[in-house]
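J.: These are the residues of each chain, in order.
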Amino acid sequence: GAVVSQHPSWVICKSGTSVKIECRSLDFQATTMFWYRQFPKQSLMLMATSNEGSKATYEQGVEKDKFLINHASLTLSTLTVTSAHPEDSSFYICSAFSRGRYLERGYTFGSGTRLTVV
Amino acid sequence: GESVGLHLPTLSVQEGDNSIINCAYSNSASDYFIWYKQESGKGPQFIIDIRSNMDKRQGQRVTVLLNKTVKHLSLQIAATQPGDSAVYFCAETPLTTDSWGKLQFGAGTQVVVTP
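Chains as they are written, first to last, in our numbering: chain Y, 1 to 118; chain R, 1 to 115.
Don't read these hints as lab results, they were simulated from the structure.
Be careful, since some hints might not be right.
Taking lysine-lysine pairs in the DSS-like style, the calculated list, with each CA pair at most 25 Å apart, reads [said to hold, decoys possible]:
#	chain 1	residue 1	chain 2	residue 2
1	R	K42	Y	K20
2	R	K102	Y	K64
3	R	K102	Y	K55
4	Y	K41	R	K71
5	Y	K20	R	K71
6	R	K102	Y	K66
7	Y	K41	R	K42
8	R	K71	Y	K14
9	Y	K41	R	K102
Extracted from the complex, chain R is given alone in its bound form (with noise of 0.2 Å):
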């Protein structure tokens, strides 16, 4: 998705819920999927990711669904603990020739985990 806005939305979750963190891309020729987590001050961490030829894909406490059809990106975790309040971004890459690598990110939601 494009990045736009000066303001990051905002998801409050219990500690012990399911997280799901949407994300609508812009790029139909966008490929591969990528979730991050980025806590403040640093660099972003791997999550999961996912190819164009697949709709989810699971890994350790999270899910990542991808629509091709709408363009549109989820990810789920399940039973957040407050390790996991962070934010998380999604990003795209078509992997032609000329774009290959080229990762642009989506605007990011805040997870707040509440105990």
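Extracted from the complex, chain Y is given alone in its bound form (with noise of 0.2 Å):
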């Protein structure tokens, strides 16, 4: 089946500082990826879509100069959290998608990174 890696799994950074989480495809090519939010107890908010190649858009009420997301390659993308605060802290999720695979396995989620900024 259908594998994302995402690293790190976790990690706490002091304020001010960036943090960089990767979201690797491993055995497909994603044309998309999507990046979401998850604070305690709450769903998962969508905060920008890439496709390869191009300029990530980002959802309303998100700022894209603090959360820089790069997709370079089919199978790589990297949300970085720049000048990283405590109110960033949360569960960050990336899901890469592939049109090219059947509709209902066209999603695929990594296992999340813990960001907890002291």
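Each of the two chains sits in its own frame; use the hints to bring them together as a complex.
T.: Below you can see the structure in the form of structure tokens.
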């Protein structure tokens, strides 16, 4: 089955520093990567959508200069949280999507990254 | 459905009983629906899906029902097991060009299976 590897699984950083989260599709090419944020006891909220080789599109209210997304290849997307603050502490999840696959299996989620900013 | 609230509704189910989890979605243009299971500290796991041209679909121990008239989706789990304890989310997406693939997640339901 399709696998998406997300790293790191957890990270603690100091306020003001930047953190990079990687999301790799291991056995398929992802035409699109979605990035979600999830606060405790809440649902997944879509942050941005990135297509390989083009700029990411951000959902309303998500600061594009703070959450930098790079999707340089069909198997790798990165999310960089710049100048992190405690309120950025959350669970970040990527989802790799491939139109070439059966629709019902088109989405494959990473295992998530727990970010804690101290 | 839209994600609202600061806490998840909880469904407590006795082991062996059937579970029914409900979801109200908001976008009448949504064509495709998915149920996900999320265990603590992990990403969502696909359970079952359904397209808008169907009103019922069955999988192994799970059934999804779709009522487009009232924009309601349900997930039925037969003979609930302790391993079914998790948070369950419905997700929807319209299969239109500009929104292709964008999943909107519902608020989620915490299922607790008791012995």
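J.: Are the hints correct? Go through all of them and say.
T.: Hint by hint, here is what the structure shows:
1. R/K42 - Y/K20: holds, 19 Å
2. R/K102 - Y/K64: holds, 18 Å
3. R/K102 - Y/K55: Distance of about 16 Å is within 25 Å: holds.
4. Y/K41 - R/K71: Holds, at roughly 24 Å.
5. Y/K20 - R/K71: It is violated: about 39 Å lies between the C-alpha atoms, which goes past 25 Å.
6. R/K102 - Y/K66: Answer holds: R/K102 to Y/K66 is near 21 Å, not above 25 Å.
7. Y/K41 - R/K42: holds, 13 Å
8. R/K71 - Y/K14: Since the Cα atoms of R/K71 and Y/K14 sit roughly 44 Å apart, the hinted pair is violated (cutoff 25 Å).
9. Y/K41 - R/K102: Given pair Y/K41, R/K102 holds - Cα atoms ~22 Å apart, limit 25 Å.
Hints 5, 8 from the earlier list are contradicted by this structure; the remaining hints agree with it.
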